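As a plain string of letters, each chain reads:
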Amino acid sequence: MERTALPGRLTWKLGRVVAIIDETPRAKSLVLDVPGWAGHIAGQHVDVRLTAEDGYQAERSYSIASPPQDRNLVLTVERLDDGEVSPYLTDGLQHGDQLELRGPIGGYFTWRVADGGPLLLVAGGSGIVPLMAMIRQRAAHQSTVPTRLLFSSRDIDDVIYRQELEQLAAADPALTVVHTLTRAQPPGWTGYRRRIDRAMLAEVAWPPSAQPRAFVCGPTSLVETVASALVELGHEPQRVKTERFGPSGGTI
Amino acid sequence: MTSDEQHLDGNAAGGVLGQIFAVEITTAQITCAGCGRDGILAETDVYATAMGTIIRCPGCGDALIRVAHGPQRYWVDFSGTRLLQLYVTE
Chain A
1 MERTALPGRL TWKLGRVVAI IDETPRAKSL VLDVPGWAGH IAGQHVDVRL TAEDGYQAER
61 SYSIASPPQD RNLVLTVERL DDGEVSPYLT DGLQHGDQLE LRGPIGGYFT WRVADGGPLL
121 LVAGGSGIVP LMAMIRQRAA HQSTVPTRLL FSSRDIDDVI YRQELEQLAA ADPALTVVHT
181 LTRAQPPGWT GYRRRIDRAM LAEVAWPPSA QPRAFVCGPT SLVETVASAL VELGHEPQRV
241 KTERFGPSGG TI
Chain B
1 MTSDEQHLDG NAAGGVLGQI FAVEITTAQI TCAGCGRDGI LAETDVYATA MGTIIRCPGC
61 GDALIRVAHG PQRYWVDFSG TRLLQLYVTE
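Chains A and B supply the protein sequences, listed in that same order.
The opening position of the first sequence corresponds to residue 1 in the numbering used here, with each subsequent residue numbered one higher.
The opening position of the second sequence corresponds to residue 1 in the numbering used here, with each subsequent residue numbered one higher.
Don't read these hints as lab results, they were simulated from the structure.
Since the model is a prediction, treat every value here as computed from it, not as a measurement.
Backbone N, C-alpha and C fix where the C-beta goes; we use that ideal spot for every residue, glycine too.
Among these hints, one or two may not hold up.
Some chain B residues close to chain A (C-beta under 10 Å, calculated; not the full set) [said to hold, decoys possible]: (1) D9; (2) V16; (3) L17; (4) A22; (5) E24; (6) T31; (7) G34; (8) L41; (9) A42; (10) L83; (11) L84; (12) Q85.
Computed spacing ranges between beta-carbons, pair by pair [what the hints assert, rightly or not]: (13) I20/A / F78/B: 39 to 47 Å; (14) R193/A / Q85/B: 20 to 28 Å; (15) Q85/B / Q57/A: 27 to 35 Å; (16) V88/B / Q167/A: 36 to 44 Å; (17) R112/A / A22/B: 41 to 49 Å; (18) P237/A / Q85/B: 13 to 21 Å; (19) Q85/B / A171/A: 40 to 48 Å; (20) P186/A / A33/B: 48 to 56 Å; (21) Y47/B / Q185/A: 30 to 38 Å; (22) H95/A / I20/B: 45 to 53 Å; (23) P186/A / G70/B: 45 to 53 Å; (24) V88/B / E53/A: 18 to 26 Å; (25) C60/B / G96/A: 20 to 28 Å.
Just chain A, same shape as in the assembly:
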């Protein structure tokens, strides 16, 4: 449930894996039961902490994919081959395992239905995760806030939540999903086939006069390109919120 009260200091909590969903060959969703979870806002993340037998600890941030009204907390994790934490989460973790997490974190990159729109969501790779929480939240509330998602992935198999996005967009005239596939495209692909640039944003984004709320999430290079291009196109910097994640093991 959504709460507006002060959350107080964050503490580490234990979640238990109740399901693992294959999203793409490299990304999995971890469905967690977290006793005492006080609720979150779409767009927030958690820190996950792993402790080795010798006491060495590693922490990483993962966005919450589930909307606030869901019973379980869902994190979608993309495996980075040279990663310290993600390979364990995607390949080592099993049903019933426990996971240490701290959250929900962040009051900046968040959206509530009452905030309204129009919404301009721009994602690179697993940067879709916090935006998906917003899209799911919007759908759960049957919100009609006009929403456009521009989503950059390497190839069609790498598109996280592809089916769900297709279904949501097909059922909702106020939701538009535009994909760009930067590395390989399936036969007959008529969509974009390059990294997101200013010209693409000029075609897909709402005009500045519509005063959209923009949320941009992805690797640093994508976030910086998109945020500067939106400002150059005339969007107010305060309405362009960004969240970057670390090395993605390649460009998107």
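Position chain B against the provided structure of chain A, taking the given hints into account.
Frame of chain A; chain B shown alone:
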């Protein structure tokens, strides 16, 4: 990978700072003691390692906040911050 890809933003410091502060800190306005730039903490540059977290001014690169963690303690160095303006909801 360029060095530019190594840093995150202030959203990533929300966890460690959230363990120290009782109020939401990533939406705080932070003023750099070095160059005087005002900004939102979520929009700063964050370098996180196993040893600790350094939050840098996106304008001049100076360290605004350094947090190191050890067993049962944090060391928090705020010498690079002139002012922190925190928003609280009633």
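Each hint tested on the structure:
1. D9: holds, 5 Å
2. V16: With Cβ-Cβ at 8 Å, under 10 Å, it holds.
3. L17: holds, 9 Å
4. A22: With a minimum Cβ separation of about 5 Å from chain A (threshold 10 Å), the hint on A22/B holds.
5. E24: Hint holds; E24/B Cβ to chain A Cβ min 4 Å, cut 10 Å.
6. T31: Interface hint status for T31/B: violated (17 Å vs cutoff 10 Å).
7. G34: violated, 22 Å
8. L41: holds, 8 Å
9. A42: holds, 4 Å
10. L83: Nearest chain A Cβ about 18 Å off; hint violated.
11. L84: Violated, about 15 Å.
12. Q85: violated, 14 Å
13. I20/A / F78/B: 39 to 47 Å: Distance hint for I20/A, F78/B holds at roughly 41 Å.
14. R193/A / Q85/B: 20 to 28 Å: violated, 45 Å
15. Q85/B / Q57/A: 27 to 35 Å: The hinted range 27 to 35 Å holds for Q85/B and Q57/A, with Cβ atoms some 32 Å apart.
16. V88/B / Q167/A: 36 to 44 Å: holds, 40 Å
17. R112/A / A22/B: 41 to 49 Å: Hint violated: Cβ distance 22 Å, outside 41 to 49 Å.
18. P237/A / Q85/B: 13 to 21 Å: holds, 18 Å
19. Q85/B / A171/A: 40 to 48 Å: Between Q85/B and A171/A, where Cβ atoms are some 43 Å apart, the hint holds.
20. P186/A / A33/B: 48 to 56 Å: Between P186/A and A33/B, where Cβ atoms are some 53 Å apart, the hint holds.
21. Y47/B / Q185/A: 30 to 38 Å: Cβ of Y47/B to Cβ of Q185/A: about 36 Å, so the range 30 to 38 Å holds.
22. H95/A / I20/B: 45 to 53 Å: Violated - the Cβ-Cβ distance for H95/A and I20/B, about 34 Å, lies outside 45 to 53 Å.
23. P186/A / G70/B: 45 to 53 Å: Holds, at about 51 Å.
24. V88/B / E53/A: 18 to 26 Å: Given a distance of about 42 Å, which is not inside 18 to 26 Å, the answer is violated.
25. C60/B / G96/A: 20 to 28 Å: This hint is violated: roughly 49 Å between Cβ atoms.
In this structure, the hints that do not hold are numbers 6, 7, 10, 11, 12, 14, 17, 22, 24 and 25, in rising order.
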